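K.L.:
The primary structure of each chain is shown beneath.
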Amino acid sequence: MAEHTFLLPDLGEGLVEASVLAWLVAPGDTVERNQPLVEVETAKSAVEIPSPHAGTVARLHAAEGATLAVGAPLVTIDAAAGPDAAAGPGIVGTVPDEEPPARRVRLRPPPE
Amino acid sequence: MSETSHPADAGAPVLWHEPAGAAAAEGPGRDRPPVLLLHGFGSTAELNWGRTGWLRALHLAGARTIAPDLPGHGRSPRPHAADRYTPARLVEEVLRLLDALGEPRVDVLGYSMGARLAWELAAGHPDRVRRAVLAGFGPADVLGGPGSGPARQAGPTAPADDPFEGPFAEVFRTAAALPHNDPAALAACARGQAAHPFTADPVPEGVPLLFAAGERDSLAAGVETLAARVPGARVVRAPGRDHRTAVTSRELRSAVLEFLAPPGDVTHGDRTRAARPAGR
Numbered sequence: 001m002a003e004h005t006f007l008l009p010d011l012g013e014g015l016v017e018a019s020v021l022a023w024l025v026a027p028g029d030t031v032e033r034n035q036p037l038v039e040v041e042t043a044k045s046a047v048e049i050p051s052p053h054a055g056t057v058a059r060l061h062a063a064e065g066a067t068l069a070v071g072a073p074l075v076t077i078d079a080a081a082g083p084d085a086a087a088g089p090g091i092v093g094t095v096p097d098e099e100p101p102a103r104r105v106r107l108r109p110p111p112e
Numbered sequence: 001m002s003e004t005s006h007p008a009d010a011g012a013p014v015l016w017h018e019p020a021g022a023a024a025a026e027g028p029g030r031d032r033p034p035v036l037l038l039h040g041f042g043s044t045a046e047l048n049w050g051r052t053g054w055l056r057a058l059h060l061a062g063a064r065t066i067a068p069d070l071p072g073h074g075r076s077p078r079p080h081a082a083d084r085y086t087p088a089r090l091v092e093e094v095l096r097l098l099d100a101l102g103e104p105r106v107d108v109l110g111y112s113m114g115a116r117l118a119w120e121l122a123a124g125h126p127d128r129v130r131r132a133v134l135a136g137f138g139p140a141d142v143l144g145g146p147g148s149g150p151a152r153q154a155g156p157t158a159p160a161d162d163p164f165e166g167p168f169a170e171v172f173r174t175a176a177a178l179p180h181n182d183p184a185a186l187a188a189c190a191r192g193q194a195a196h197p198f199t200a201d202p203v204p205e206g207v208p209l210l211f212a213a214g215e216r217d218s219l220a221a222g223v224e225t226l227a228a229r230v231p232g233a234r235v236v237r238a239p240g241r242d243h244r245t246a247v248t249s250r251e252l253r254s255a256v257l258e259f260l261a262p263p264g265d266v267t268h269g270d271r272t273r274a275a276r277p278a279g280r
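Chains A and B are the protein sequences, given in the same order. Residue numbering for the first sequence follows our numbering, beginning at 1 and increasing consecutively. Residue numbering for the second sequence follows our numbering, beginning at 1 and increasing consecutively.
Quick caveat, the hints were computed from the structure, so don't treat them as lab data. Be a bit skeptical, because a hint or two may be false.
Stated by the list, open to error - For lysine to any residue, the following SDA-like pairs were computed, each having C-alpha atoms within a straight-line distance of at most 20 Å: (1) A:44 x B:180; (2) A:44 x B:181; (3) A:44 x B:176; (4) A:44 x B:175.
Everything numeric in this text was worked out from a predicted model, so none of it was measured.
Bound conformation, chain A alone (with noise of 0.2 Å):
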């Protein structure tokens, strides 16, 4: 097990802070890699940010109602040991997914 902190990451959209609306997860609980941690509410939106490790949850940096600037510390998590131990923080969302390349459906316009 090694100690990852997970920082608060790029939310896009040039926002530079969110703030903390509910938190998923608490010390001791055991996350899977891509488990949703924590709501934030940005001024845009609200979102939903994902674990980049498999692990236990050792402490959370930031209290419900609490706002974060992007790249503050959000949260540590006892990191199971294996690839995804060494996954720094990346842009919200952005947790690769296992999962093969989606088919994209594009509609023409019908003929008129």
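Dock chain B against chain A, hints included.
P.N.:
Quick look at chain B alone, frame taken from chain A:
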């Protein structure tokens, strides 16, 4: 029909739909219809349903999903004519997408403007809808009500950037400021919607409805009154949440997943939380 003879913005809008992780068609969900997700004004399928965890939760529940970017939004074309965005026109586009995908019947989940479309879809085409969830939505006509003004400013001199007042103004300003959005297309969309104010008559018949909204969502004010007009319709409210933050609410998501669970699936619910090590 080649694309060059029909540039994206010259003909009817076309919808961008990128299936994501839709393979989970085993277990009790294998016979359920796919879930059609219709995002809110100024949002996209990814922002409304991807980043908020809805797609993953639905896939874990065994559902296939269809989540298009509506015309004027995301990667779909962005015409600037209001008549391309009337509720009837948008519903037509959605039906065309379902036809192209070969889906005769769906569950539909809409947020805000998408919920208005879900209502129209259920009311006008009950044969295509098994169940409908209308989230972040109420009977107040936020796009065309008093003070919102877009219908009256629909002429060529209408300012494209911020033509709205009232509760919708903040939604519009927030959406128009997002770097991926086209304010002129969004203004046209708002005018197209406002030209046909919502009426609760006729109500959808034969399609079970669930209304879901944050308790503090001013755009969903009066949803209980609306639901009372629809036989069998239910309302679920998320404590403390508003129009922006209700979309990630666990309370709403659990209620929606349960409502959409196929008959006989007793394990419905939100599976995005890891199972606790209870007894094993």
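K.L.:
Tell me the hint numbers this structure goes against, listed in increasing order.
P.N.:
Structure breaks no hint.
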